Structures are given as C-alpha cells and as structure tokens.
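As they're listed, the protein sequences go chains A, B and C.
Sequential numbering of the first sequence, starting at 30, is according to the working numbering.
Sequential numbering of the second sequence, starting at 149, is according to the working numbering.
Sequential numbering of the third sequence, starting at 352, is according to the working numbering.
Please keep in mind that the hints were generated in silico from the structure rather than gathered at the bench.
It is possible that part of the hints are untrue.
[Claimed, not checked] One-sided excerpt, in silico: chain A residues whose CB lies under 8 Å from chain C:
id, residue
1, E247
2, Y248
3, R250
4, F251
5, R253
6, A254
7, K255
8, L257
9, S258
10, R261
11, H266
12, P345
13, R346
14, L349
Computed from a predicted structure; not experimentally measured.
Note that the Cβ used here is the ideal one computed from N, Cα and C, for glycine as well.
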Amino acid sequence: MIAYLLRRLGQSALVLFTMAVLVFLAVFALGSPVDMLASPDADQAERDALAARFGLDQPLPVQFAAFLGNALQGDLGASFVYGKSALAVIGERLPATIELALLALTFSVMIGVPLGVIAGLRPKSIAGRAIMSTSIFGFSLPNFWIGMMLILLFSVYLGWLPAGGRGPTTEVLGMQLSITSLEGWRHLILPALTLALYKSSLVVRLCEAGTREIVTQEYIRFARAKGLSSFRIIWLHLLKNMMIPVITILGMEFGAMIAFTVVIETVFAYPGMGKLLIESINRLDRPVVVAYLMVTTVIFVLINFIVDLLYVALDPRVRLGGPNE
Amino acid sequence: MGETITTRPLPAPSVAKGERLLLRQLRDLVSSPEAVIGLVILLTLSFAAIFAPLIAPQNPYDLMQLDIMDNMLPPGSTLGGGLTAWLGTDDQGRDMLSAIMYGMRVSLGVGIASVVIASLIGALIGVLSAYIGGRFDALVMRIVDLQLSFPSILIALVLLTLFGRGLDKVVLSLVFVQWAYYARTVRGSALVEKNKDYIAAARCLEIPQWRVLVRHMLPNCIPPLIVVSTVQVAHAITLESTLSFLGVGVPVTQPSLGMLIATGYDFLLSGKYWMSTYPGIALVLIVVAINLVGDRLRAVLNPRFTQ
Amino acid sequence: MMAVTNSVVAPALSVENLSVTFQTRKGPVTAVNDVSFHVNPGEVLGVVGESGSGKSVTGLATMGLIDAPGRVSAGRVVLEGRNIAGVSDRDMRGLRGNRIAMIFQDPISTLNPVLRIDTQIMEAITAHERISASAARARAIDALRAVGIPSPESRLEAYPHQFSGGMRQRVAIAIALLHRPAVLIADEPTTALDVTIQVQILGEVQKLAAESGTALVWITHDLSVVAGLADRIAVMYAGRIVESGTVAEVLTAPRHHYTAGLIASVPSRNRRGQPLAQIPGSTPNLANMPSGCAFHPRCSVSSEICSTTLPPLLHDPSGRFMRCHHPRQGA
Ligand SMILES: Nc1ncnc2c1ncn2[C@@H]1O[C@H](COP(=O)(O)OP(=O)(O)OP(=O)(O)O)[C@@H](O)[C@H]1O
Ligand code: SF4
Ligand SMILES: [Mg+2]
Chain A
30 MIAYLLRRLG QSALVLFTMA VLVFLAVFAL GSPVDMLASP DADQAERDAL
80 AARFGLDQPL PVQFAAFLGN ALQGDLGASF VYGKSALAVI GERLPATIEL
130 ALLALTFSVM IGVPLGVIAG LRPKSIAGRA IMSTSIFGFS LPNFWIGMML
180 ILLFSVYLGW LPAGGRGPTT EVLGMQLSIT SLEGWRHLIL PALTLALYKS
230 SLVVRLCEAG TREIVTQEYI RFARAKGLSS FRIIWLHLLK NMMIPVITIL
280 GMEFGAMIAF TVVIETVFAY PGMGKLLIES INRLDRPVVV AYLMVTTVIF
330 VLINFIVDLL YVALDPRVRL GGPNE
Chain B
149 MGETITTRPL PAPSVAKGER LLLRQLRDLV SSPEAVIGLV ILLTLSFAAI
199 FAPLIAPQNP YDLMQLDIMD NMLPPGSTLG GGLTAWLGTD DQGRDMLSAI
249 MYGMRVSLGV GIASVVIASL IGALIGVLSA YIGGRFDALV MRIVDLQLSF
299 PSILIALVLL TLFGRGLDKV VLSLVFVQWA YYARTVRGSA LVEKNKDYIA
349 AARCLEIPQW RVLVRHMLPN CIPPLIVVST VQVAHAITLE STLSFLGVGV
399 PVTQPSLGML IATGYDFLLS GKYWMSTYPG IALVLIVVAI NLVGDRLRAV
449 LNPRFTQ
Chain C
352 MMAVTNSVVA PALSVENLSV TFQTRKGPVT AVNDVSFHVN PGEVLGVVGE
402 SGSGKSVTGL ATMGLIDAPG RVSAGRVVLE GRNIAGVSDR DMRGLRGNRI
452 AMIFQDPIST LNPVLRIDTQ IMEAITAHER ISASAARARA IDALRAVGIP
502 SPESRLEAYP HQFSGGMRQR VAIAIALLHR PAVLIADEPT TALDVTIQVQ
552 ILGEVQKLAA ESGTALVWIT HDLSVVAGLA DRIAVMYAGR IVESGTVAEV
602 LTAPRHHYTA GLIASVPSRN RRGQPLAQIP GSTPNLANMP SGCAFHPRCS
652 VSSEICSTTL PPLLHDPSGR FMRCHHPRQG A
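Using the sequences and the hints, build the whole thing.
Printed below as a string of structure tokens:
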C-alpha cells in the first residue's frame, strides 16, 4: 500500500518534470523575450545587457536549471501586464475557477446519476430511451454555443439572470467565494450548468451501463430475495457499487473540466484563471501563461492522486486486501 | 502427441465473406431510424457545403458583393441588391445563409482533414507499436498515456499559441491532439490480431514483415478505426469551433462556423441573435448527425454490442 | 391439478401448473411449462435436471423474481395456503426472505462486495421485523454461529471478499434462515464448492431446516446429492417435470426413460469398470422444441405417438407421476 503510494508519487513528480521541460521548450521556441522587453530603439549592447540580466545568454540546460530552481521556489516570473508575480496573479483567480468547476461537478452528478440509473433500470422504456438519446446531444453540443444560447434566453430575453461576471465574494478559509450569497449563485448557475452539460452526459452513460450490469448481478437478486425494498436496493446495493467507477472517472475528468473553464469563463466573462489565460495569450503575457500551465499540471497531478486515494477508500477489496483466513 | 507444424498459413478472413458481412452491416445501419436521420442530415449539409460556391445566394468572401449598409439586418430582410437574407446579415453586411454554407466548408474540411491525417499517423504508429512490441511499444504507450491525460483543448490552445493562426496550423494542432486515440485503438486491435494463428504462420513462412502488416494486421484494425474516426470528426469540428471562438483558430478571412459564432457573440447582448444562433444550429446539426451515425456504426461494427 | 395426494399435513408450498415465458427476439419461449410440485413442512424435495432444463427459472418464479423479458404466464404458487403468484410487489416483498427464502449457486457473487457482512445480515432482519440495532446485531451473531462460522462477533465487520467461498455460502444460508421461513429454495448452493465443504454445508442446511420446520426445495443437477438428502424427487426435462416420486422409488425404479438415462450416467461403485452410459444427443433448444414428448429424439423406445402427442401426466397408486407414453416397468 505504502509502496504503491510512493510509486504514484514518483510518477507524479515525473509528469511534473516532463511538463516543466515541455513548457520551458515551448516558451523557448516562442523566441527571446528580450524583443518584447527592450525598447524598439535599443542597441545591441543594451539588448545583450538585458539578456544577461535574465540569464538568456546562458546555454539552454543552464537556463532550464534556473527555471526549474525558481519554479520550485514558487517563482515563475513577473507578469508583464500586472507587474507582479505571475503565480500571485493566478492565485487570485484560482478560487473563482475552482468554485465554478466544483459546482459544475456537483451538478453533473446530481443530474447524471439519477437519470443514468433510471435509464439503466428501464432501458426499453420511453424515458430510458429519451434519456439515452438526449445524452448524445449533451456529448456533442458545442459547450460555448450552449452557454451563449442560455445567455440569450435567461439574460437578454427573460432578464432573470446576469449575462456574465462574478457575484460578490466573501472570504471563506482564506479564499474568496461567491456561493455564499444569492447574487453569487445567480452569476454561477448558468456557467456551472453549461460546464456540467458534457460531464452529466458522461455520467448518464456511465451510470446507465453500470446499472444495467449491476442489476444482473447475483447479489442484487439475493438482496431482492431477502425482501429488501427497491429503494434500499437502489440506494445502497446498486449505488455503492456504481459510485466506484463513476468517482474514478469523474475525478479524472475533473482536470478536463478545469481546462474547459477557459471556454466557459470566456463566454460568461467570468473572472477566473481560464479567462486570464486567454487574456494573457492575447496580451503575450508569457509568465502568466507559463504559470497557468504549471499550476494546472499540479492540479491535475493532485486530482489523480486524490482519485487514487478515494478509489482505495471506496473499494474494500482494494483497501483491505484478499481473504485473511 | 507431437506438435503439429503448420506448413501453410491459415486462410485470413476471406473477401467474399467480408463483402456479405459489409452488406449485412449496411442493412443493420439503415435499420435504425436515428442513424437514417443522421445520415440524411449529414448528406444534405455536406452537399450544401461542397456546392456552396454554386448554390449560395452570395459569395461572402467577395467584398464587391457586400454593402456595409446591409449590416446586421434581421432574418427576412431584403438587401440593397434585392437579395432576401432569410437568416439575416452580419456586421459586414454578409448574408448569413451564404456565410454559414461557406463556414461549413471550412469546419467540415478542417474536421475531416485532421481526422484523416491523424488516423493515418496514429494507425501506423499503433500497428508498429503492436508489431515491434517491447521497449518501443512501452515508450509509445507512455507518450500516448501522458498526452491523453491532458485535456485536448488545452494542448491545442498552447500549440496554436505557438504556431499562430491559419487553417493549416489548426489542422496540424488537431492532428497533434488526436493521433494518440488512434494509436491506442489500433494498437489494441492489432495486438489481438498479432496473436492469431495466421499472423504467426505468415511470419514462420518468412513473408516480408511489411506484407504481414499491410495484408493482415491493418485490415483487421479498420472497423474500430472507422468507429473512432467517425465520432472523432465531430470532436474535431467542435474543438476547432471552440478554438476559433477563443480567437486562436482559423483566420478571419476564412471564417468557420465557430468563427461566425464568435463574431455573433459580440452582438449577443444587443439581441442580434441570428448572428450566433444560426451558425450554431448548423454546427449542432453536423455534430449530432455524425454522432447518431457513429453511435449506430459502433453497434453494427462491434459484434459485442449487438449479439 | 392438485399435487397433494395422501399426505395429511397441508404442504408448505405447492406450485400448480406454473409456466414461465420469455419474450425473445425469435418469439416467446416457454422455459417452464405446466410445472406442479409440492413440498411439506420439514420435507426435502430434490429437483434434478440437466443444465437449461428450467430449474432456476422455476425457483425464481416461485419467489416472484422473474424479470422482463420473462413473465409467469400461467399457474399458481400456494405458500402456506395462500396463492402468491401475481400478488403486488409490496406484499411479495413482505414474504420474501421471511416466509420463503432462496439461496443461489455462486457464493462469490451472492453477497454485495462493497457492504460489510453485518450490514447485509442486519438489513435482512430489519426488513421484516421492528427491532433495535443491538438486538439485530445479537441475532446476526447467533445466525452466523448457527451456520458454523467461528468467532462470529469479530467477523461481523468483515467484507465478503475476506471470506472463503464456503464461508460466504454459510453467510447466505444464515441470512436465508433468519426468519425461519416456511420454504427455502436452494439453487445448487454447493456446486461451486469443494467436495468436503459441500458435504458439510449439505448436512448443516438439512439440520437447520429440520430444526425450524422449513421445507427445502433443493435444486441440483447432481443425482448423488439428491439421493443422500431428499425425501422426494422431481426430474425436469426441457421445462417440464417428467417424473416425480420418493427418492427410493425413482432412483431404484425410474419410470421415465430420461430419468433412467440420468441414473445410468452417474458413476457408481457397483458398476465400476463399466463404461458410463451417456444419453445420446443433447438438450433441446427452447426456441426449437421437439413436438410431442420433448425427449423423443433421444429416447431409445420412442414410437410414432411420442413425436406427435404430448404424453399425459400418468399417476400411479403409490403417488408417483410421470409423463411418458411407454413408461418403464419397475426394476
Ligand atoms: N432472461 C432470459 N431470457 C430468455 N431465456 C431465458 C432467460 N432466463 C432463462 N432463460 C431460459 O430458460 C431456460 C432454463 O434456464 P434455467 O436457468 O432455469 O436452467 P437451469 O435448469 O437452472 O440450468 P443450470 O443447471 O445451468 O442452472 C434456459 O434454456 C434459458 O435459456
Ligand atoms: S414419451 Fe416416448 S419418447 Fe418420451 S420418454 Fe416416453 S417413450 Fe421416450
Ligand atoms: Mg440454474
């Protein structure tokens, strides 16, 4: 068990390192930032001085070592636009994105699990077939367009919800959160639903397949033979077995969800780190782009790690090992 | 009992049988109303896209045909030149219907091109990986896993930031994010084939390796490849439109559906819905139609799902 | 028809003319066809037949556990004097696990892998009784002890995978007998186990059932199990009961030719050295059932009438039943 966790930790470090190399090379390929920093009429001597100051005159491996050393100390350079540490700029936007993604995750479970179970229990029924066909739409509809249509309906025509932005925030555990107020929810609901659309379809499909498989299992038949209510059979016997793969896959997909906030935040003008990424790309604010990539990689790695732990916690067969007679 | 020595390769699945199977599969395919609807939509839209220069009311790229006075007219308006814009006009005075038909050309073209290239590259790598095995296989699969563990939208976004805008660059980055799926799919089926007798027998006979690959392993990897590719075209189109919406995709001069929607986004709050809604509907129709067909294809080509 | 003959006690369970039909792609197939049997309190009925003969479906139908695409298309299931075929799901739930219980073939998959043993036992208690958690726990411990699980207190918190197959089947038996049901249907519960464990479990179930007066319907394809365990026997072939009677009568003097074939194919000590007689041919496909007597393509004495007319249920004075046009005469 410990050995397994250590190995996972080693793999995570390897992924982070690989990512650091890739990001570094990508940035290097973009060309020297001296062109951007030096004034247009700077002469070669001034440019060389600038390059020397940023260590850009050093050979590539040396530069990489410096980059890695700084990154390990939490220094990914200063934003050209905001004039402060790029990591700090990301840090300010991170809570908004995490809040959005977590809410969307919750929605996709709340929508996806019940619908998937219904479809799985009654695959031939009209409801079951309708759920499964609709889930194809959820899979394939372009997210950003759905978001726009929701804005059109709920903000432009009905005027019920704001078209974008983030509601007022309060500090909870050192993070600025907006789910604490009704106004915050009014701003969150559309982007979160849009973001949840794809994942709910995924959950529907997973749960449908899971339910159809689990109901044929002997232990479900035995539970019925014991005289248990359908309610208990579904809520305990079925769901507990199904949640293991669902949580594993959702956990892995949470990373993709965070990446997709780039799109959703742009549509809803939601000030999270996804929107920041697009702005920074457009403004050539390279340190922020680098910081974003490194931060999301760390988040992905963390998520994978947590999912592994959850999986172990959920499945007694993994947690406790084989027969001990 | 001693070991039997095979002196002749066992016959690979015969062609005639394959043809009959294909016919049956075609029949299975059209026996599903969803798939038929999908197929009809897909053919209609493809037709409109391919023949856009002949049937579109206007050439939206020809600035001579545009009149800025016609800009942002609601659906059904009559333009200065007497043309009726059934789907309205955009901010440059372009007829939306024509813009959408031309936009579908770009979207479908980018989607199909990227899938064809990516599947060829991916299939080749996958078959080689399965055939060579050992360290090479392990390395390839490591790369595939690493890449698939990152969301494709993010990878494509970074790549396009590096490459800059342009149709070719969009295709290139779409190829880059997709090849790994094909490599994995094809490797999976190739591994199954590799262990079958006729491949082993062909190897014993010292038939050149490339012939074993081309004649025996590749054909059997094609059905799963078709299923993945079909659905992947829809993914590629959606991804391209998303990238174009984010402003890193196709150039302004060759707007795809995503680009048209992005333009419409700027006028969304002022209620000019047609500029984003109609290109979006075209996009949705294409993507959903492909998925309907793909879903059915999966069932038809994979005997495990039908039984 | 009533299957009760000269018994004085009312049967715990009597199944009358039960049919189960599955809707398949190739049209409806009848997996269980006009099946009747009964079992008295404390009695053991062995149901024997080849794989696919409809034994499990009969058991499930008796429990009211047939799901779509299947349905009970005819017949009555009388449990303690009350017809329970077609009663509401709610009423049926009150009876299942309470008055009629069932255990299944595969002990590995019969318990839910992600729930603790105590959860799975205690929920079966509280499904039918209002009882405090601590009392339910005490009952669970007693039940485990009764089926021979050592130090049950400490095993309650374990998960199924921490038990061996034999132990899991014991837990299932403990659960099935919690409420001293009138009937226990055991669907090949020992087939998947080692022979020594099989013997132990057989003995224990028999003892426990006898103690609580539970009637036992023991489904198996293994004639030797029935020989040692059952009082009476019903032989199934292709969805029908083709012969029934006391174990001694049926096994020593089979009247139906299928039964005779089955007996001849069992390895036995006194016929050692002789080749085993296999019944030629194979079990018919339900979708393509032979006309008349379903056994006629495999029967050595079949005649014209066998392939055209379904043999009627014959009934001899000793209380034996058989479906055969040309029954074998006593040995
Ligand atoms: N859901 C179903 N759909 C269609 N046919 C079914 C279904 N369930 C059972 N059957 C059919 O009913 C017949 C009897 O099955 P059953 O499981 O009762 O056999 P069995 O006598 O218990 O055999 P075994 O010894 O293998 O357990 C089989 O031929 C089977 O094909
Ligand atoms: S009815 Fe005919 S075919 Fe069937 S068992 Fe009797 S003799 Fe054989
Ligand atoms: Mg059975």
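Now the hints, each set against the structure:
The closest approach between the C-beta of E247 of chain A and any C-beta of chain C is roughly 4 Å, which is under the 8 Å cut-off, so the hint is satisfied. Annotation: Y248 of chain A was flagged as interfacial toward chain C, and the flag holds, the nearest CB pair being 4 Å apart, inside 8 Å. Checking R250 of chain A against chain C by beta carbon gives a least distance of about 6 Å; that is within 8 Å, so the hint holds. Restraint check, F251 of chain A versus chain C: the minimum CB separation of about 5 Å is within 8 Å; hint holds.
Checking R253 of chain A against chain C: minimum C-beta separation of about 6 Å stays under 8 Å; hint holds. The criterion of a C-beta within 8 Å of any C-beta in chain C is met by A254 of chain A, whose closest approach is roughly 5 Å, and the hint holds. Taking 8 Å as the C-beta contact cut-off toward chain C, the hint placing K255 of chain A at the interface holds, the least distance being around 4 Å. Evaluation of the L257 of chain A hint against chain C yields a held restraint, the C-beta minimum of about 5 Å falling below 8 Å.
For the restraint placing S258 of chain A at the interface with chain C, the shortest Cβ-Cβ distance is roughly 7 Å, inside the 8 Å limit, so the hint holds. Given hint, R261 of chain A at the interface with chain C, holds; its Cβ is 7 Å from that chain's nearest Cβ, closer than 8 Å. Annotation: interface hint on H266 of chain A holds; nearest CB of chain C at approximately 5 Å, less than 8 Å. For P345 of chain A, the interface hint holds, since its Cβ comes within 8 Å of a Cβ in chain C; the closest pair sits about 4 Å apart.
With its C-beta approaching chain C no nearer than about 5 Å, R346 of chain A sits inside the 8 Å limit, and its interface hint holds. Proximity of L349 of chain A to chain C holds as hinted, the smallest CB-CB distance being about 6 Å (cut-off 8 Å).
The structure agrees with every numbered hint stated previously.
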